[in-house]
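K.L.:
At position 8 of the sequence shown the residue is numbered 8 (UniProt numbering), and the sequence of numbers has no breaks.
These aren't lab readings, by the way, just hints derived from the structure by calculation. Errors might be hidden in some of the hints.
What the hints assert, rightly or not - For each label pair, taking beta carbons as the anchor points, the in silico distance ranges come out as:
1. ALA92 with GLY47: 49 to 55 Å
2. THR83 with ALA11: 45 to 51 Å
3. LEU97 with ARG138: 38 to 44 Å
4. LEU96 with GLU28: 34 to 40 Å
5. ARG138 with THR84: 17 to 23 Å
6. ALA7 with THR83: 48 to 54 Å
7. ASP4 with ARG95: 48 to 54 Å
8. ARG104 with VAL14: 49 to 55 Å
9. GLY62 with ASP4: 53 to 59 Å
10. ARG8 with THR83: 49 to 55 Å
Because the structure is a prediction, the values reported are computed rather than measured. Glycine residues also receive a C-beta, built at the ideal position from the N, C-alpha and C atoms.
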Amino acid sequence: MRDDEWARQRAEAVRVQADRLAARQDAEHARAETMLHEFAAAAQAAGLEPEDLVVQGYGGRGTARTGLRGWYLRVDRSAGVSTTGDFYVLTAPLRLLDRMRGVRPEARRPPLTLGAGGKDGESMPLADVLDRLLPGWRAR
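Turn these sequences into a full structure, and let the hints steer you where they fit.
P.N.:
Structure below.
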């Protein structure tokens, strides 16, 4: 086998693997999005009171209003779900102006496991997090 043929085959194998990874990640995000939208509807129907979501500055450097209402998914308040079921990361670099005027974070595609890749004990399946907030929410 010539070097250029081998390189072409390797490049194709890498492309196929990347496509498979992207498809798997997209499917996981879609499952998590569905879960969060169902949770938001169940939480509102159950009367679980949403709260104002705020963004925390990196390193604990202040907070900023967001105009969003919902529920915090992590104890450290670094992630939340809005009343419409959108997922938000609630940490960001904040300037003085951001702390005064507030910020509007962008909704992100949610993971099925919060904190994956973090320290031991920091990752938790999204389903378990939602069950902690509203036990039995799937049956509602």
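K.L.:
Does each hint fit the structure? Answer for all of them.
P.N.:
Against the structure, the hints:
Distance hint check: the CB atoms of ALA92 and GLY47 are about 31 Å apart, inconsistent with the given range 49 to 55 Å. The supplied range of 45 to 51 Å is met by THR83 and ALA11, whose beta-carbon atoms lie about 46 Å from each other. Range check, LEU97 to ARG138: Cβ separation about 42 Å, and the 38 to 44 Å hint holds. The given range of 34 to 40 Å is respected by LEU96 and GLU28, whose C-beta atoms sit roughly 38 Å from each other.
Checked against the hint of 17 to 23 Å, the pair ARG138 and THR84 passes, with Cβ atoms roughly 19 Å apart. A hinted range of 48 to 54 Å holds for the C-beta pair ALA7 and THR83, which are about 52 Å apart. Look at ASP4 against ARG95: about 52 Å separates their beta carbons, and that is inside 48 to 54 Å. Evaluation of the 49 to 55 Å hint for ARG104 and VAL14 yields a failure: the beta carbon distance comes to about 38 Å.
The hinted range of 53 to 59 Å is satisfied by GLY62 and ASP4, whose Cβ atoms lie roughly 56 Å apart. ARG8 and THR83 have their C-beta atoms about 51 Å apart, which keeps the hinted 49 to 55 Å range intact.
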